[in-house]
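Chemist: Below, each chain spelled out in residue letters.
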Amino acid sequence: MRNPDNRPIDDLVFDCCRELFSAYELETQPRSRDEFPTTDELAVCGVMGFGGKLMRGALVLVATREPLERTNPDSLGSQRDWVCELANQLMGRIKNRLLGFGVEILLATPAGLSGVNLSPTQSQLRAPQVFSAADGFVCVWLDYECAPGFELREGSGVEAAIPEGETLLF
Amino acid sequence: MAKKILIIDDSATIRQQVRAALTGASYEMVEAADGAEGLEVITGRDDLAMVLCDVNMPRMGGLEMLELVSARGMLAKLPIVMLTTEGQPALVQRAKAAGAKGWIVKPFKPELLIATIRKLAVM
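Protein sequence lines correspond, in order, to chains A and B. For the record, in the first sequence the residue sitting at position 165 is 165 according to our numbering, with numbers rising by one throughout. For the record, in the second sequence the residue sitting at position 28 is 28 according to our numbering, with numbers rising by one throughout.
Read the hints as simulated data drawn from the structure, not as lab findings. All values reported here derive from a predicted model rather than from experimental measurement. Hints are supplied without guarantee of correctness; some may be wrong.
[Stated by the list, open to error] Cross-link-like lysine to aspartate or glutamate pairs, in silico, DMTMM-like; alpha carbons within 20 Å at most:
#1 Lys101/B x Glu104/A
#2 Lys96/B x Glu159/A
#3 Lys53/A x Glu104/A
#4 Lys109/B x Glu164/A
#5 Lys101/B x Glu166/A
Just need the whole structure built from these sequences, with the hints factored in.
Modeler: The structure is reproduced here in structure tokens:
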């Protein structure tokens, strides 16, 4: 496995993150990485591990309190549980898009992480995506390795995934 | 008497979201946090009208649970619909082959969830 410079995956993560929050009627605006909030403002992280023949790694979704409160369907519920579910839904979207490129991965179950001084490394290869949302911030990054020779090629996918929000009855 | 719907999901927030939708539509909710707990509930009672079940959960996943329920011949009287972030056709086919009645990809719209329950719930 190697760490590729794979901008298409960054773009895919960016799109999936905006679509996810849009589904919960929260608009997100891309911001500079320099605007990533100081860590004592952060609430909790949702972390989702994944693995497959071509890619393996983890997704981390971090948010300040405001976007979590605005999107949480259970206003009295746990923000930790909710950020885990959001990470789960975001990773589900990413998995479904990757299928269109012929990349199959298996997902672990989400885990919550809280603490101080939690932040991504300032790597050029796996840039964290930073968004402003509901007077707060959302930050997501996909930390991954790929198999030698791996490239994300559109149209090389298997059957398209069922879109988010769809209901199929058998 | 209100029909009882079992929701199996490891996220308490999702269970609460389903509860809010069901209560508004005069259904009663029974809950379990993973496939193993869901299997216990299903085998331990005979008053369930339908099951909504996540796929990726700790201890026992939803598809494994579905296949165990199917192997015990319990699906004829109990419709199970998968409610998940997964949209991979191979997983959908696995659920269909095991006898699931439907597949919903999260996030779900409460009105569509209730329409599905109205269509499939038994008793």
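Chemist: Would you mind confirming whether the straight-line C-alpha gap from Lys101/B to Glu104/A stays at or under 20 Å?
Modeler: Not OK: Lys101/B and Glu104/A at ~25 Å, beyond 20 Å, violated.
Chemist: Lys101/B and Glu166/A were given as a pair; does the straight-line alpha-carbon distance stay at or below 20 Å?
Modeler: 14 Å, holds
Chemist: For Lys109/B and Glu164/A, compute the direct alpha-carbon distance and say whether it is at most 20 Å.
Modeler: 11 Å, holds
Chemist: Assess, step by step, whether the Cα of Lys96/B is no farther than 20 Å from the Cα of Glu159/A, and give holds or violated.
Modeler: 16 Å, holds
Chemist: Lys53/A and Glu104/A were given as a pair; does the straight-line alpha-carbon distance stay at or below 20 Å?
Modeler: 8 Å, holds
The structure fails hint 1 only (numbered hints given earlier).
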